[in-house]
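Chain B: place on chain A using the hints.
Chains as they are written, first to last, in this note's numbering: chain A, 153 to 454; chain B, 153 to 454.
Note that the list lumps identical chains together, so a pair holds whenever it fits in one copy or between two copies.
Once the Cα atoms are required to be at most 25 Å apart in a straight line, the calculated SDA-like pairs of lysine to any residue come out as:
no., residue 1, residue 2
1, K441, R416
2, K441, Q420
3, K441, L294
4, K441, E344
5, K441, R274
FYI, nobody ran anything at the bench for these hints, they're computed from the structure.
Protein chains: 2
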Amino acid sequence: MESARTNPRFLPNVPLPGSLSFCADMEQCVPQSDVLVSAVPTQFLRGVAQQLAGHLRPDQPVVTVTKGIEEGTNMLGSEVLRDTCGEEFPLAGLFGPSHAEEVARRQPTTVVATSRDEELARRVQEVFLTPVFRVYTNTDMLGVELGAALKNVIALAGGMCDGLDFGDNAKSALITRGLAEMVRLGVAMGAEPETFAGLTGLGDLITTCVSPHGRNRSVGMRIGQGESIEEIVAGMDQVAEGVRTTRSACALADEYEVEMPITRAVHQILFDGLSPREAVTELMTRSPKPERYGEPEKEGAD
Amino acid sequence: MESARTNPRFLPNVPLPGSLSFCADMEQCVPQSDVLVSAVPTQFLRGVAQQLAGHLRPDQPVVTVTKGIEEGTNMLGSEVLRDTCGEEFPLAGLFGPSHAEEVARRQPTTVVATSRDEELARRVQEVFLTPVFRVYTNTDMLGVELGAALKNVIALAGGMCDGLDFGDNAKSALITRGLAEMVRLGVAMGAEPETFAGLTGLGDLITTCVSPHGRNRSVGMRIGQGESIEEIVAGMDQVAEGVRTTRSACALADEYEVEMPITRAVHQILFDGLSPREAVTELMTRSPKPERYGEPEKEGAD
Chain A
153 MESARTNPRF LPNVPLPGSL SFCADMEQCV PQSDVLVSAV PTQFLRGVAQ
203 QLAGHLRPDQ PVVTVTKGIE EGTNMLGSEV LRDTCGEEFP LAGLFGPSHA
253 EEVARRQPTT VVATSRDEEL ARRVQEVFLT PVFRVYTNTD MLGVELGAAL
303 KNVIALAGGM CDGLDFGDNA KSALITRGLA EMVRLGVAMG AEPETFAGLT
353 GLGDLITTCV SPHGRNRSVG MRIGQGESIE EIVAGMDQVA EGVRTTRSAC
403 ALADEYEVEM PITRAVHQIL FDGLSPREAV TELMTRSPKP ERYGEPEKEG
453 AD
Chain B
153 MESARTNPRF LPNVPLPGSL SFCADMEQCV PQSDVLVSAV PTQFLRGVAQ
203 QLAGHLRPDQ PVVTVTKGIE EGTNMLGSEV LRDTCGEEFP LAGLFGPSHA
253 EEVARRQPTT VVATSRDEEL ARRVQEVFLT PVFRVYTNTD MLGVELGAAL
303 KNVIALAGGM CDGLDFGDNA KSALITRGLA EMVRLGVAMG AEPETFAGLT
353 GLGDLITTCV SPHGRNRSVG MRIGQGESIE EIVAGMDQVA EGVRTTRSAC
403 ALADEYEVEM PITRAVHQIL FDGLSPREAV TELMTRSPKP ERYGEPEKEG
453 AD
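For reference, chain A alone in the conformation it holds in the complex (with noise of 0.2 Å):
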């Protein structure tokens, strides 16, 4: 990448900005960087985080981009690097709907900087800020993490709706009902409601189910044309995180005892068998209820 000044395998043709530099080192990077950002996918997280544990200073702030929930730990981004680097350093994370594709040939795109400490988001919040890149913030970080995680779950079901080329009212159907789960399981865990319907959950969760360039909607639609998990996943170059999230989202739902209907049925789908068609079939045809949004479906759920 330093001498081709671009990244040829996941973002080919773009130049790479002159004022970038790039270092494999820790020891000598991170004690210059007055912001870091994590950009490492969930299932290499916590060995990179134990790395650079070694060599953060307390009051430097790490800005996590990873979208997904750690199998086995059923833990996110946030939580692993607190896990490895301390509960108490500078942590914040930039999430939303920003595929590196569109951001690099400078579209428009609005993303929220989150934090637990407000006045850390609103440092990364400056930090990122530019006229085709608007920054909101949102301190609710379990909610904004959570929404980047789950939608991916949605966008494998969204993909599989369009493989059976079930159509734009299913598929809207099934993002709004969707979210509803998401909240579900964000509000049991101790997140905000209000953060699902922002740029992350809902944001995230419309470009992720409705964009070519998205890697979960594409496996999911390859699934609905017939084709098995275990030959897609051969296939693949980039990981479709939302295969490993669908793991840990269902078991967070039994952790939580929170109804999810449709990660449910993705989890049937990719892991024991059930075909998309069949699934959706059981979706539409349960029992009528009352509209709600992050209330529980099911009597005795929490």
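What follows is chain B alone, placed relative to chain A:
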């Protein structure tokens, strides 16, 4: 339509069910109906409702599916019906992401039956529920109907984004921030904020901003590509409700002192010659803000 057994103008090539009969005489058809469905475009609704009023029994439920706000009075469809047929007759609505082209092809669709009277909402749910047409209930009729109407304004903006080739990041940010301003107006008018995260509001907004069937999105796209609203309207067979609704929504925003920057921008583009590209730049470069759902952005606004 009776002889062709299709609706050649609005739904060509779809055979109409044999059980459907046609009648242009209210005196004949109204008394024999258990449930009436009012599917009249906003600007013709008052005239039709005035005729209806003379034939309606006090216990006869009307289900409105009109999505719009009457110009001049700024009344929603249900308000026009109450204004002409009386405050107390049983009134419900059926709204949500349900493009007719897809419903007619029996693609899975999910909508909401709404009435202030919960019992009536459930009755409408029962009447319309099928295995491919899932019906939820919601008693916040004002919120449901307002979402169904206001989303057409945001769909115009979504189409402009497409016409300008601004990408999916921008469009999902627009939908998300558009929803936030719909909620702000709704809450000021007495609706529940959660309603807008449901099938109308959010669900409807997604379909109409994304689907190729969306008339408002198409109009917006042509504006984004440089056509004038006069040219577009002159060549249209079906009305794009959003153009009229934009005026009414701005009037309501004035009346309730609510900030609706996207709706205002659409108004300026449609009626005051603002260029869509300038409008987006203005929206993107407003002062940095915390992310809010349904709360005022402007000091002193309600």
